Amino acid sequence: MPSPMRLWLGCLGLAACIAAGNAARAESGGLTLFDRLGGEAKLRATVHEFVLIMESDDRINFTFANTDLKKFEQLLYEQLCNLTQGGCPYTGRDMYTAHAKLNITNAEFNALAEDLYEAFDRVHVPYRLQNKVVAMLAPMQHDVVKDHPVSQNPAVAK
Amino acid sequence: MEYFRALRAVVVTSCFLGVGLLGGQTAAAENLFGSDEGKFLLTAGFNDLEGSGGGGLVPLAFITGYGSSDSWGANAHFTSIQLKDFQLRTYGAAVGALDRVELSYTRHEFNVTGTPLDGLGVSQDILGLKIKLLGDAVYDQDSWLPQICVGAEYHKNDGIDHAAQAGLAGVTRVTQLGASAAHGTDIYLAATKIFLAESLVVNAAVRATRANEFGLLGFGGDRKSSDSYEPEGTIAWLPTRRLAVGSEIRTRPRNLTLDDESTAYDVFVGWTPTKNLSLVAAWLNLGGVLGPATGVTRHQDGPYLSIQAGF
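Here the protein sequences line up with chains A and B, keeping their order. For the first sequence, the working numbering assigns the number 1 to the initial residue and increments by one for each residue that follows. For the second sequence, the working numbering assigns the number 1 to the initial residue and increments by one for each residue that follows.
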């Protein structure tokens with residue numbers, strides 16, 4: 001009987017190999033994440049659902065008060081398509097510039113990500129693929145959330 | 001005495017769980033306690049055995065509670081563990097502030113339910129402090145840097161009850177069983193990485209400790225009385241946004257001749273239906289416990305059930 005630690009590390013190694021194998025198989029299939037998510041139709045549906053959810057989310061809808069939501073929906077689609085190797089050019093501003101004056105907090109950034117998860121759920125994209133998209137978006141926190149932001153949310157008591 | 005303790009545990013825990021649940025009941029920007037509940041589901045962690053934000057056995061480098069870096073969070077928990085011959089109930093509360101600092105208090109009530117020591121009881125109080133040093137487990141998906149925390153857990157053993165019933169008349173302190181001290185402090189460093197694209201959480205920790213059976217049998221002993229550096233690890237897979245399935249392992253020093261203390265490990269399922277409630281079901285194996293003292297050397301394993309309410 002090997003020691004519990006060796007057994008545990010052995011299982012961990014095995015799990016890592018399976019995960020790496022899965023990742024390699026997905027790559028070798030030649031499918032981009034964009035394809036695996038369901039292509040343009042699915043991603044446009046996701047972004048549309050996302051805008052609907054976000055509009056009724058009191059945690060963050062105030063940040064879009066002066067935003068042309070049709071244009072925003074198109075730009076978000078372009079950005080997600082671009083990030084997931086769908087081959088679209090992204091014609092919007094960079095994340096730092098786009099959020100320069102919004103004083104976005106971490107909670108607001110996370111609320112937006114939660115709304116995106118919810119949108120993916122509504123169009124039945126599997127959670128493991130949702131995470132691959134959010135993993136690409138998460139580092140944008142560094143550009144979107146500035147140091148010591150003060151929420152501009154009118155719903156928060158000052 | 002044990003009825004009083006059980007009652008107190010139930011009353012205290014239900015009050016805290018209730019407050020936690022009620023406080024979180026709102027979907028607006030802030031809950032009743034002014035917490036933004038701004039972190040992702042599961043990233044508050046559960047409460048580990050000593051009450052720190054973690055899995056069930058091992059701390060994670062997450063700060064407990066759902067408050068973001070501009071807010072705070074808090075939770076209460078109750079955990080029941082029934083091994084073959086031993087039972088441990090823990091309850092306590094934890095607060096996380098600014099996604100930076102965590103404070104926790106946990107009470108352990110341990111009872112022997114089998115072996116010749118049947119009836120023996122031990123209790124201890126644990127105060128925990130954890131500070132996030134660097135990294136961000138969620139946002140730093142573009143880097144290999146994990147989120148790293150340093151933590152301390154001060155344990156104060158409250159002594160032994162019903163020793164006469166277990167054939168150890170006159171024994172009221174763990175030092176009479178060979179421990180060097182009845183209190184001690186563990187210091188640990190924990191590094192946690194969420195591989196979000198793979199839906200995996202990996203955690204490694206190292207603990208400087210001289211605790212015997214988490215401090216239930218005191219600190220240091222006749223075999224070794226100084227700190228040992230013990231590695232710990234967690235791996236969890238996230239099949240859904242609200243579920244974590246994984247395993248933890250924790251090596252431990254063997255300081256007492258009386259106790260065949262060895263590596264502890266578990267497999268667990270943690271479910272967080274909302275940011276106000278978490279449930280953990282695990283199977284825990286501590287290896288041999290007090291084998292040389294009782295003559296019962298079989299592995300002590302069994303179910304671990306935990307409930308956490310908070311925000």
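If you are wondering where the hints come from, they were derived from the structure by calculation, not from laboratory data. Keep in mind that this is a model prediction, so the values were computed, not measured. A hint or two may mislead.
Ranges of calculated distance between the beta carbons of each label pair, as one might list FRET restraints [stated by the list, open to error]:
| id | chain 1 | residue 1 | chain 2 | residue 2 | range |
| --- | --- | --- | --- | --- | --- |
| 1 | A | H142 | B | D222 | 49 to 55 Å |
| 2 | A | T32 | B | T274 | 31 to 37 Å |
| 3 | B | A152 | A | A41 | 37 to 43 Å |
| 4 | B | D260 | A | G39 | 56 to 62 Å |
| 5 | A | A16 | B | A164 | 25 to 31 Å |
The beta-carbon is built from N, C-alpha and C at its ideal position, and this holds for glycine as well.
Hints, verified against the model:
Between H142(A) and D222(B) the beta carbon distance is about 53 Å. The supplied range of 49 to 55 Å therefore holds. Our hint of 31 to 37 Å for T32(A) and T274(B) holds, since their Cβ atoms are close to 35 Å apart. For the pair A152(B) and A41(A), the supplied restraint of 37 to 43 Å is violated, since their beta-carbon distance comes to about 54 Å. About 59 Å separates the C-beta atoms of D260(B) and G39(A), a value consistent with the hinted range of 56 to 62 Å.
The beta-carbon spacing between A16(A) and A164(B), approximately 52 Å, falls outside the hinted interval of 25 to 31 Å.
Hint compliance for this structure: hints 3 and 5 are broken, all remaining hints hold.
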